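Colleague: Protein sequences appear in the order of chains A and B.
Quick note, in numbering that gives the first Met the number 0, the first sequence goes up one by one and the last residue is 384.
Quick note, in numbering that gives the first Met the number 0, the second sequence goes up one by one and the last residue is 385.
Simulated from the structure, these hints should not be mistaken for lab results.
The model shown is predicted, which means the values in this text are computed figures rather than measured ones.
A hint or two may mislead.
What the hints assert, rightly or not - Cross-link-like lysine to aspartate or glutamate pairs, in silico, EDC-like; alpha carbons within 16 Å at most:
# : chain 1 : residue 1 : chain 2 : residue 2
1 : B       : K58       : A       : D199
2 : B       : K199      : A       : D199
3 : A       : K59       : B       : D162
4 : B       : K199      : B       : D81
5 : B       : K58       : A       : E167
Claimed, not checked - Covered stretches of chain B (in silico footprint by chain A; criterion: 3 or more residues with CB under 8 Å from a CB of chain A, positions within the stretch not fixed):
# : stretch
6 : 154–167
7 : 237–250
8 : 261–275
Quick reminder that beta carbons are idealized off the backbone N, C-alpha and C, glycines included.
Here are the chains, one letter per residue:
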Amino acid sequence: MIPLYYNTRSLWARRLSTGLTVVGLGLVVFVFAAVLMLANGIESALASGGDPRNVVLLNKGSTSELMSTVERDALRALGSATQVASSVQGDPLVAGELVVPVLLPRPDGKESNVNARGIGPQSFAIRPVVRLIAGRPPRVGTNEIALGEALVGRSPGARLGGELRFAEQRWPVVGVFSADGGAYESELWVDVNRLGSAFDRPGLSSIVVRTGSVPARDAFIQAVEGDPRFTLEAKPEPEYWAEQATWLATFIRVLGLFVSFIFSVGAVLGAMITMYAQVSARITELGMLRAVGYRRRSVLASILIESAVLGAAGGVLGALGALATRWMEIRTLNFQTFAEVRFGFTPTPGIVVAALVFGTLMGTLGGMLPALRASRLSILDALRA
Amino acid sequence: MTFGRLVWKDLLRNPLRLGLTVLAGAVGVMAFIFLRTVVDLFYVGAAAAQADRLFTRSKASITEDLPLSYLPRIAAVPGVSDITFYGFFGGRYGESQKDFFGSAFVDPPSFMKVFDEVAVPPEQVAAFTADPCGALIGKDLAARYGWKVGERVTLKGTIYPGDWTFTVRGIYDVRSGGMDTATFFFGFRCLNEKMPEDRKDRVGAFMIRVEDPSRSALVSSTVDAMFANSPYPTRTESERAATLGFISMLSAIITAVQVVSTVILLIILLVIGNTLAMSVRERTRDLATLRAMGFKSGRVVMLVLFESLVIGLASAALGVLIAPQLIQGFIGAVGSQLGGIPKDFMRESTLLLGALAALGVSLLAGAIPAMRAVRIPVAEGLRKVA
């Protein structure tokens, strides 16, 4: 084997073109990793709102709360199920909720769609992940609002003590809540009956139930789906929210991976150019190596290793760049929920490893042909060049 | 030897490298054009939106209905020439996400009048109007499921519970504009008859055609003022403004795509710059010889810049040739999942922009090696062994 030192030295000897290639590869890896982190960010932002013990019930056939209409009668019947957990006061943890997207003005003069969630008395208790970080919960029978943390400052009056206007009514903000980065943080919560009357909606969008445990949850889902009284579809809350993320996450993934693929072709060509140049500039050297007894396959391996190092360096650079986007925050409309969501670039170890592998692979691919060329040189020709 | 021949000889000094560089450049141009087209796709609806068409929906929320009784009152507003309505149905054909497509109820005769870009054979229009549960489907949707006129299709209602069976009475194409050809329209009567009392005669939005587009703003404000104090206040906008409002909510995605297309330009810059830097370094002696022979520095810089220009041109040409095919392939593969792609989505201006960007970037990439070539003193350059 030709020592690795030789390769690293020769990469260093041509700092400029090595650097340019590494940056080029790095940019490709950056886009690749950033896309995966973004898609992951959407999924985890929406899914983290779900509690495994909770069940969301929608009208059969509906895919989201936005499209679903549930009769109020089902609320009482569901509350009496044995699997349902009770609050400290002994009330069943069941809430009928209504989701209505409302348009709020943004400070930049544009508007965004925000989901207003009409909540029942148990809605906060059902979701321990939702915690008030300021103020108090809205009182039943009033227009008071608890604001998701992501909405603070997103609209004039969207702050504790402020006031929002929609549906021709005033809605004072009395509390701000967080939800571990979940989708609820992009919602505003208000008494379900007040919201229903403001929008002339007698029905509900969904019913949320907290069960005693995960096995109890499964039993509950089975019981509801087998019960002819209901035309309801029951889903664990995390599963419901994960489904709400599919469209947007798929869109970003498909687009991003397609672009990364095209990019990587360009970057492989770039690496190939560099490696061909490295080989042709070192023909005499390589001939010398062969003359002193190194085999063809050692030369092949040496050049391949060199280009793999090049690619790995690009991978490291790109992955580091992608990790640096963690502080960035993106808000956009989720087509499925028709409301704004806030999410970030969420790295996982898997994504970082994939980025490094991707970079190394691109480098290796780019080095393949130049390495073959180097190994095929005849000793005599190489020494004479 | 003429100047052009000199550039040519220098380029062909390493044909393999030249080929790889042009290929890499073309890939970049392709990716750039592809992403710009994706951005265009978002705006295509807005760009093609008719100036004389207004869109009236509930002011409170997009999911809120409006009573059908508003129709005659809006129609009576001076300046309104035609009016129709529609409602989002959101039915599902199959269980999978892929089987989702846009579905809406419309009032056939007035719909055909207000949306005159929708092209349907006259006998199909008559059949669609006559059948209360008739459906008019886009040609892409028809092609996707192999549906023919006369076929019965059952959708599962989500907002409107139950199974709904329609008979395909017509297949439409779109003459121009931003409307897609993958939507399922059906008659309002079919739905309304089966609705309970409290949901009867409710529609999603009204579409108004005005006589004089310059008076759209006045018509809008008259309509909105009329319902301001009713239980269902309205908001009327031009189709264009409504679409742009929707796009602004997606601005983060669009910005991200734009950032990535800038990154592509950077990558092309690096690849072409790298090649030129290598080729100039290898030719330090040749270039010094030229200068020793009396070539002015400017001439040498021109020589290198010309090379990069040729590389840029070749990349641009190749990229512009291949990009449309690539985009067609992409649309063919995922278009149906994106909910229908409007007809005129590929723009010449985007191709031109891609080509110009490639030229600009390649000149920029050539600048630094060119400067390096003339900075080195002639004597040192002659001594240098690459």
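Colleague: Now, for every hint given, state plainly whether the structure supports it.
Modeller: Outcome of the hint check:
no., hint, result
1, B:K58 / A:D199, "holds (13 Å)"
2, B:K199 / A:D199, "holds (14 Å)"
3, A:K59 / B:D162, "holds (11 Å)"
4, B:K199 / B:D81, "violated (23 Å)"
5, B:K58 / A:E167, "holds (9 Å)"
6, 154–167, "holds (count 5)"
7, 237–250, "holds (count 6)"
8, 261–275, "holds (count 10)"
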